[in-house]
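Build out the structure end to end from the sequences listed, making use of the hints.
Protein chains: 2
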Amino acid sequence: MNKSPLTINPLTSPLLTDLYQFTMMETYLQTGMDKTAVFEFFTRALPKYRGFLIAAGLDSVLSFLENLHFTAEEIDYLRQTGRFSKKLLDYLASFRFNGDVYALPEGTVCFAGEPLIRVEAPIPVAQFVESRLMNFMHFETSIASKAARCCLAAGGKILIDFGLRRAHGAEAGTLAARAAYICGFTGTATVLAQTLYGIPIFGTMAHSYIEAVGDEEEAFVNFARTNPNNVTFLIDTYDTLKGAQHAVQAANRMTKEGIRTDAVRLDSGDFLSLSKAVREILDQNGLPDIKIVASGNLDEHMIQTLVASRAPIDAFGVGTKLDTSEDAPYMECAYKLMEYDGKPKLKKSSGKATLPGRKQIMRSFRDGKMVKDLVTLEGDAQEGTPLIKKVMADGRRLAPTVDLAALAAYTKSQLQALPENLRQLSEASSYPVEFSPALLHLREKAEQLIGE
Amino acid sequence: MNKSPLTINPLTSPLLTDLYQFTMMETYLQTGMDKTAVFEFFTRALPKYRGFLIAAGLDSVLSFLENLHFTAEEIDYLRQTGRFSKKLLDYLASFRFNGDVYALPEGTVCFAGEPLIRVEAPIPVAQFVESRLMNFMHFETSIASKAARCCLAAGGKILIDFGLRRAHGAEAGTLAARAAYICGFTGTATVLAQTLYGIPIFGTMAHSYIEAVGDEEEAFVNFARTNPNNVTFLIDTYDTLKGAQHAVQAANRMTKEGIRTDAVRLDSGDFLSLSKAVREILDQNGLPDIKIVASGNLDEHMIQTLVASRAPIDAFGVGTKLDTSEDAPYMECAYKLMEYDGKPKLKKSSGKATLPGRKQIMRSFRDGKMVKDLVTLEGDAQEGTPLIKKVMADGRRLAPTVDLAALAAYTKSQLQALPENLRQLSEASSYPVEFSPALLHLREKAEQLIGE
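In the order they appear, the protein sequences are chains V and W.
All residue numbers for the first sequence refer to the working numbering, where the first residue is 62 and numbers rise by one.
All residue numbers for the second sequence refer to the working numbering, where the first residue is 62 and numbers rise by one.
If you are wondering where the hints come from, they were derived from the structure by calculation, not from laboratory data.
Watch out, some of these pointers could steer you wrong.
Copies of the same chain look alike in the list, so a pair counts if it works inside one copy or between any two.
Computed list of lysine to any residue pairs in SDA-like fashion (alpha-carbon distance at most 20 Å, straight line) [stated by the list, open to error]:
(1) 450 to 287
(2) 303 to 409
(3) 148 to 130
(4) 147 to 468
(5) 506 to 299
(6) 109 to 389
(7) 148 to 287
(8) 109 to 444
Bear in mind that the values here come from a model prediction, so they are computed numbers and not experimental data.
And the structure:
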């Protein structure tokens, strides 16, 4: 059982799940439980440093649901474990996601207690998709929310994702690039994110390149000649200010050869003082069009400080702290049963109690800013704009994958509608999320049904 | 360019890298720089809450290096970007990793400033592998180090990885299961981790299952009858102590049917008082062999407290905080040029200066405990046991993949050799890591070579 057989794709295999999904499925099949279950994914509480979230992950989830099936080899693997009945293995051969899905569109601002996705399907199906659905929604929403904070801090300056090397694995790297892009980042350093999603890519040189060449000016010139359409010089390998002088000399030589120098990059030291000094060197040498890029341990707080201090930095490379959501690497979130066979369901576990039923979120606005959310039951007539939409019927998407540029524009409009207190990064601000009488009444009813 | 073409595997594609790897490669090819480069991967500083690290990720890196190549479709993709020369695209067609690799064995205790991997190859090759090498080493070492702390805290009690749903993507989920297993975890809930790595898997039921059935005792009985070799009852859906009573009734009924109940699981509430109360209920009902499993927001600190308080818990499910390395979701680490064409290399960037040369770590022991590390140059005769071994020559592994059970045994022996202060979790303790005169002398020489 060592090493993945060729036909098992670790990114799409239904074996990428928790064992209990199969053991529960066994019981559901053997005891004839196949009625419709309603599950919702939501966050129980916002992370300490988040005043709001940006919903993300839906496209990944819908692709997962559309493609969900077991190959003969995967069924064979399960057979060989000796854990499962022939009935289960036969069932898996034709297993597909055949349910309906309702969701907040990706890029929508949301809060604790609000469902991001609702799944309605026969219980063996609706239950089975839990692990991977959470895996996508939790991560992508975490990164999108962090990226949105960076964009609010940057005040319109260019942001680039540099995080692949310290993202948690391959998929985290590419999904983080996508989450950042839909929240306003201009692009990423990760080539595969362009291949997969069409996201613009950026990048030029590492310190190792400068060191290997030895002479900094020669390194810059050689690079520009061989990458004439993409010229940014990394200037902090030895001494940032001398590096800026070398960049000036290289840029002037390149101008004579018809090659334009776009930018210099700082990757260490005090960005405020260095960017001012470098700007001065560039300007004094008649190179006002060369931009300054800063990277290295940046997050929304450092960006905000630099922008507020009027550091002459034109673009920020944000890596590790974005791709790991460093100050909130996880969220309290769950995928919970809300209804089975028409009956409302809840759990009462200490600190983890749930509200039953199929929910809708009604958002109220004033002067273009969001002012209040009401979580209520689907179909309960209430004021406001309903946020949750049907996105999949009988296992098929109701609309094609959203173009990422359009998605980024949507997220931008969402961020513009944030109330002013939520645009501040200093601490988590509250926003009124209320729960309707209809919902609280259903909870009472569900508690009575438990009948203890 | 939307959506992955079929022949591009996002986990193994060389496009999973930073753009600058290609732009630097362009310059190296066009300017004829192809001499041997030596790069090392190391951590600059330990995370705040880590007194030591466990090296992990080497097997992933060696597999990556062995399989590294460009498909025709990948080269075609790069051609279509219009960014690269025909010379580069032709070079990529036969591009392979043809270098040597030296490394700390996976599972080895290590510290800041110590190289975990050294790569020696022509510079276009040695440079190119940086992004994915770091992506693996950084994540797997982070999780292994967190898992080792959990094992030290658990004092021999069983630990199971439950983290897939909040791991950062698919690969993070399976690699975390592996990192935990090699550090002493008994298994994981993630089925694919067994498929890929042969790791034992565990899991039975979710709260949703109990809720869907409605009656807790009936839910337990139905589950046991349909999964007779894997019986653990989740007892906190409504009320943990009533759940324990229902588990007793179900277990007694199952005994008559010849089905053994293995355990009950607590997933919320105060684990110390609840585990004692549940233990008492089980014992008073003549079921002393039924074990108690606890899960939910656990980390090494909570485990240590529960173990110290003699909570009658037999096994812990550790999820989110393990798979995200919650208190240290990233490490300050780097892959840096140490030598090019026989000349020592370093960077002097503020706060990120490096020590040049090919390094070896000599570890000294006293009474079976490690007492001091000396980082020196390869070949410098010094006291102690050398830790870095050659693991790959000309792009081929020198030994087959290590059996994971053997690897777990090796890591266990490493943890047993930790000095007592490093076994404490309360705060990061220091351990003496010295740098040899030979190494410091080489730094002087390299600084002179920069010649400023």
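Results for each hint:
With identical chains, the CA atoms of residue 450 and residue 287 are never at most 20 Å apart, being 50 Å at best within one copy and 38 Å at best between copies. For the identical chains of this complex, residue 303 and residue 409 are inter-copy neighbours only, at 13 Å across copies versus 65 Å inside a copy, given an alpha-carbon limit of 20 Å. Proximity of residue 148 and residue 130 under a CA criterion of 20 Å is satisfied intra-copy only: 16 Å inside one chain copy versus 43 Å between copies. In this assembly of identical chains, the alpha carbons of residue 147 and residue 468 never lie at most 20 Å apart, being 45 Å within a copy and 35 Å across copies at closest.
Taking identical chains as interchangeable, the C-alpha atoms of residue 506 and residue 299 lie at most 20 Å apart only when they sit on different chains, with a minimum of 15 Å there against 70 Å within one chain. In this assembly of identical chains, the alpha carbons of residue 109 and residue 389 lie at most 20 Å apart whether taken from the same copy (8 Å) or from different copies (16 Å). Proximity of residue 148 to residue 287 under the C-alpha cut-off of 20 Å is restricted to the inter-copy arrangement: shortest distance 11 Å between copies versus 63 Å within a copy. For the identical chains of this complex, residue 109 and residue 444 are neighbours neither inside a copy (30 Å) nor across copies (49 Å), given an alpha-carbon limit of 20 Å.
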